[in-house]
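Residue strings, one per chain:
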Amino acid sequence: MHLILFLIFGAVCVAGAVNLLLQHHPIDSALSLVVVMGALAAEYLLLGAEFVAAVQVIVYAGAIMVLFVFVIMLLNAGEEARSGGSRIAWVIGVPGMLLGGILMSWVLLKHSGTGQVEVGSLPGSPQDIGWLLFHDFLLPFEVTSILVLIAIMGAVVLASHAQSAEKKEG
Amino acid sequence: MVPLSYYLILSGILFACGVTGFLIKRNIITIFMSIELMLNGVNLSFVAFAAQWHALSGQIFVFFVMVVAAAEAAVGLAIIIAVYRTRETLNVDQVNLLKL
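Chains as they are written, first to last, in numbering that gives the first Met the number 0: chain X, 0 to 169; chain C, 0 to 99.
In short, the hints are calculated from the structure, not lab data.
Residues on chain C that point at chain X, a partial pick, calculated with CB under 7 Å:
| id | residue |
| --- | --- |
| 1 | Ile8 |
| 2 | Cys16 |
| 3 | Arg25 |
| 4 | Val74 |
| 5 | Leu89 |
Where is the CB? At the ideal position from N, CA and C, for every residue including glycine.
All chains, full assembly: derive it from the sequences and hints.
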């Protein structure tokens with residue numbers, strides 16, 4: 000049962016990721032990425048990581064992707080133009096990544112031992128995570144809050160500075 | 000029961016798709032989305048290893064990766080807006096002032 004669910008959601012993940020590469024319009028790529036993130040949240044649930052699955056849906060599929068979609072709409076981004084550089088990347092990059100992926104899969108299957116993962120094998124409830132986060136990882140957590148504060152200020156400064164420069168010119 | 004290697008292979012496939020998108024896409028927003036895809040692939044391997052070794056620290060790392068990704072997305076999208084306002088384009092081939 001676990002294996003079947005893993006394969007279904009894994010197939011959805013890979014299909015979304017490949018669709019992200021094939022679409023030419025940014026909004027289509029963004030929606031494919033939402034599909035990938037939703038399927039990944041299901042994979043986390045299969046592993047028993049409830050907290051991570053919830054945060055994945057709320058932060059990634061919710062907040063970050065809404066930000067992406069807003070920027071796409073704000074900048075009125077259209078179809079991407081094909082150019083010489085990207086054709087070279089297609090010719091060299093895609094076969095290279097395919098070769099690397101097959102090689103990596105082969106090595107992992109051959110040498111990663113007999114590790115097995117069971118459904119819900121991890122005590123990943125929010126209570127356990129919270130205890131660890133505010134007990135053992137308190138200092139990194141506080142540093143992270145400063146990072147987020149700086150990121151907010153940086154985003155505001157970067158986005159509004161360009162606007163004021165535009166006003167001065169005009 | 001699913002072998003750990005299956006999870007690692009899925010995570011590797013997602014990471015490879017992200018790298019490929021980073022290389023072949025010309026739209027700066029899509030390139031940024033490919034980076035998010037790579038971060039997601041790494042997160043999956045973190046959670047899989049945490050489940051195998053019954054170590055919750057792996058999930059804490061995923062939490063920190065998500066926070067850093069959120070901060071990175073906010074600043075990166077602000078930079079994209081600033082680039083668009085000065086250069087009037089989202090195509091990375093046309094943002095080439097540093098090119099020889």
